[in-house]
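Residue numbers (the numbering used here), protein chains in the order written: chain A, 40 to 329; chain B, 16 to 361; chain C, 154 to 390.
A couple of the hints might just be wrong.
Claimed, not checked - Computed spacing ranges between beta-carbons, pair by pair:
(1) A386(C) to T193(A): 53 to 61 Å
(2) K135(B) to A386(C): 47 to 55 Å
(3) G239(C) to W311(B): 52 to 60 Å
(4) I283(C) to D72(A): 28 to 36 Å
(5) A183(A) to Y320(B): 34 to 42 Å
(6) I295(A) to I35(B): 57 to 65 Å
(7) A112(A) to I161(B): 40 to 48 Å
(8) T213(A) to M376(C): 32 to 40 Å
What the hints assert, rightly or not - Simulated crosslink set (BS3-like; lysine-lysine; CA at most 30 Å straight-line):
(9) K135(B) to K316(A)
(10) K340(C) to K280(C)
(11) K159(B) to K157(A)
(12) K157(A) to K301(A)
(13) K301(A) to K159(B)
(14) K135(B) to K123(A)
(15) K157(A) to K157(B)
(16) K135(B) to K301(A)
(17) K280(C) to K263(C)
(18) K157(A) to K313(B)
(19) K301(A) to K157(B)
(20) K340(C) to K161(C)
Stated by the list, open to error - Just a sample of chain A residues kept apart from chain C, beta carbon distances all over 10 Å, derived:
(21) M40
(22) I93
(23) G104
(24) A132
(25) L147
(26) F154
(27) I156
(28) F163
(29) D167
(30) G180
(31) L192
(32) V194
(33) F249
(34) G257
(35) L314
(36) A318
Hints in this document: simulated from the structure, not taken from any laboratory.
Computed from a predicted structure; not experimentally measured.
Cβ coordinates follow ideal geometry from the N, Cα and C atoms, glycine included.
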Amino acid sequence: MDFFIQQIAAGLTNGAIYACVALGLVMIYVSTDHINFAQGEMAMFATYLAWAMIDAGLPYWVAFGATLLIAFASGLFIQRVILKPLETAPVLALVVCFIALLSIFNALAGMIWSFTIKQFPSPFPRRDLFGNGLVSAQQLGVVAVTLVMLAALTVFFRYTTLGLAMRAAAQNATSARLMGVRVSWMLALGWGLASGIGSIAGMLVAPIVFLDPNMMTGILVYGFAGALVGGIGNPLGAVFGGFIVGVLENLVGSYIIGNELKLSFALVMVVGVLLLKPAGIFGRVIVKRV
Amino acid sequence: MAAMAHSWATKAGIGWVAAIFWVILAVLPLAGFVSDSPSFDYYLFMGQSMLIYAISVLGLNLLIGFNGQISLGHSAFFAIGAYAAAILMNFGGVPYWLTLPMAAVICFGAGFLFGFPALKLEGHYLALATFTLAIAVPQLLKYKAIAGWTGGVGGLLLDKPDPPFGIPLSADQWLYYLCLAVAMLLFWGVFNLLRGRSGRAIMAIRDHGMAAGTMGIDTGLYKTVTFGISAGITGVAGALSAITIAYVAPDSFTLQLSISFLVGLVVGGIASLPGCMIGGAFIVIVQNSSQSISDWMKDTFALRYDVPAWAIYGTLLLLLMFFLPNGIAGGLALLRARLGRGSAKS
Amino acid sequence: MAALLEVKGLSAWYGQIRALFDLDLTIEQGGVTALLGANGAGKTTSLRAICNMIRRAGTTIMDGTDISRRTTEDIVRMGVAHVPEGRGTFVALSVEENLRLAFHIRRDRKAAERDMEKVFTYFPRLKERIHQQAGTLSGGEQQMLAVARALMLAPRLMLLDEPSFGLAPLIVQEIFRILRRINEDEKVSMLIVEQNAALALELADHVYLLETGRVVMSGPSAMVKNDETLRKAYLGY
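All chains should be modelled from the sequences, with the hints used to inform the complete structure.
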């Protein structure tokens, strides 16, 4: 039983990270209909920036905040400079661009910081929380950060007019323009947010898996799975999906297939959801009268 | 894009260019008799790799360029082909040349099966599913339960075949000719496939998916079969690579391999058969000269770091998407059209 | 009366196909102008061209400012509210959110809140449905919502693209009554595109007749109303 609870706790921790990745993917998907294959590598690169700042002596939370801002700004920049000119390009061109970004970020990180793994500090103590070896403060911290971020985003999208404008732009760009919304900037903002959220995922996962340029590859796939399970157009669903995938991954890994086939499990989940329930479990059906 | 795809087939002159090109490729390795340069075997090996990559890109181009289905998972089919050949040779005692058609069949099956779910997926989603496939495969190949067959993390070591019937060629020369023959066969096959009725259907699906369906084309069947053929071709390339390198290991078949194919495809030219050759050669050239490119860039731009090949690939992909979306073959066609118009005026 | 919107030599294209040829048009301050004509005459195209939503050429001057090269968003921000063909409802947003979207560009929050109250006096039905998902509204309610959204932008000029399209006659009359009140009480000028010529002629004080992308006639609406040959030839009644 203890083992089971440990697995659930570990699953929720991983799930929190997948949820962040999924949330970033959803941010970009809802505003542009694109699936950003570079999401993981962008997060990894941001995490290296944080590492460099901490290594240079900055306090953890200062580095955290600065990284978040830089990641946000670079997401904005990438959309404005690289993707905006390709707005009307065919899907293949966009996929090629995302793959290009993936390669560039991966290569740059390896080039600047080398491919040897690095230790990344955690702001949360690894200490056992209840003295029974089940849940650590670190695990609780990761989940808490994710939930706080989700709450902040919910408030932003629900209760600010900027958030409302972003939702409107994502839903019906032409109509949003006619309400005076600068749609193309809303897309850029979506990229900025996605990139920022991704950097948080990177900084949360790095203490667990160690920092290296390929750290996010598998996590990205789980993020995809999470986003799809929850419904890729639905931020809240993506977070739930992330947690579900995290817990499933740990349970299936420990009890059924072992840790060596975890990525194949992700493949099965991705293909399975795409085929059986493409809208995801929480995919909202929008009622529309014609 | 569609217009370009037709232009190569209709121009009679292109046939001669292609013939001369293949003859040159066939004569090249004979230079080994006059040259006793020690690096000659290395060049032969590069030639083999170029042909193998060209075949892989051919497979991918059939799917992406001509049929409009995006795959980032062709490294998986390449891996299946390579492992099929390796396992058949190692445990089944199958002669190496026979593993090629067998790998083709196996990969056709795998591609056909994956093509079924792919039917329901379009654009970004298909890219996503195949991306996941590419990531999952290396881990799958390392799986302990099948390590008896696959050799696990360490992979399988094979014997390099010697030329048959006492033909006076070195092993590398022979393998080069093997790759060349297979490449010619497959390019010829794809050329004919695309020229015929099926080819028109395949391209109609890319250009007007819905309309193709209403015109009586069984789009589902065509798409899955195209996926199968594409995977089969890339699988043959995988088998060839296992034979020529005489070694297979899981970490050779990562997402990066898929990305190389994509680079070859985009550089050579989407929906261009000559482009596949250009792309294949390009991949090998960049891989082999990335150190010198890196040194050159370090000097020229006063960089403090080595520039890895992947940064070059990535930057190049971006630049191509912006400035030469139809790749080198497309650029050449454009150039020829411009020059042609110029001379017609004068 | 000074001109609020002056359009000179406006042309527009869909891809390679030219859909509008040198349209000249003036809208008076506070006036209601109707663009009439058959399907494909270029009515919707004119509205889109004024808002820079398609490839176009020519000059549009809004209240003395040249807006020919402004983006759609900027033109909207200058007080041109476009109620588009098909109503442009944000189906997944609530009715309230559809309206609150205007707050994004309104500087004066208090004035915007007041406008919201005012909008509900024109369209009490929307107030009843305030928390409903906009996609679940009936066609007539969605048309009301579209006009209400435009009104939330505190516009000086409203471009209305077939507000009667696909609606029951009673609802159409209700909407046109409200439009008349908005024009009179809020001093909002209007450029209205309609298939239902009789209805538009009631509301408008000035009329332009379009045929295959060209103006064939223009003048006060009373003139068109009283000229039977003209009506029969171009408006079919």
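Closest CB of chain C to the CB of L147(A) still more than 10 Å away: Holds, since 35 Å exceeds 10 Å.
Range agreement (Cβ of A386(C) with Cβ of K135(B), hint 47 to 55 Å): holds (54 Å)
K157(A) paired with K313(B) [C-alpha distance capped at 30 Å]: holds (26 Å)
Given hint K280(C) paired with K340(C) - CA-CA distance at most 30 Å: holds (23 Å)
Assertion that M40(A) lies farther than 10 Å from chain C (Cβ): M40(A) clear of chain C: closest Cβ-Cβ about 44 Å, beyond 10 Å.
Minimum Cβ-Cβ distance from A318(A) to chain C exceeds 10 Å: Fine: 13 Å to the nearest Cβ keeps A318(A) off the interface.
Least C-beta distance between A132(A) and chain C, which was stated to exceed 10 Å: holds (20 Å)
Interface exclusion of V194(A) relative to chain C, criterion Cβ beyond 10 Å: holds (15 Å)
K280(C) paired with K263(C) [C-alpha distance capped at 30 Å]: Since the Cα atoms of K280(C) and K263(C) sit roughly 19 Å apart, the hinted pair holds (cutoff 30 Å).
Exclusion check [F154(A) not at the chain C interface, CB over 10 Å]: F154(A) clear of chain C: closest Cβ-Cβ about 45 Å, beyond 10 Å.
34 to 42 Å as the expected CB spacing between Y320(B) and A183(A), which holds or is violated: holds (38 Å)
Closest CB of chain C to the CB of L192(A) still more than 10 Å away: holds (17 Å)
The earlier numbered hints are all upheld by this structure, with none contradicted.
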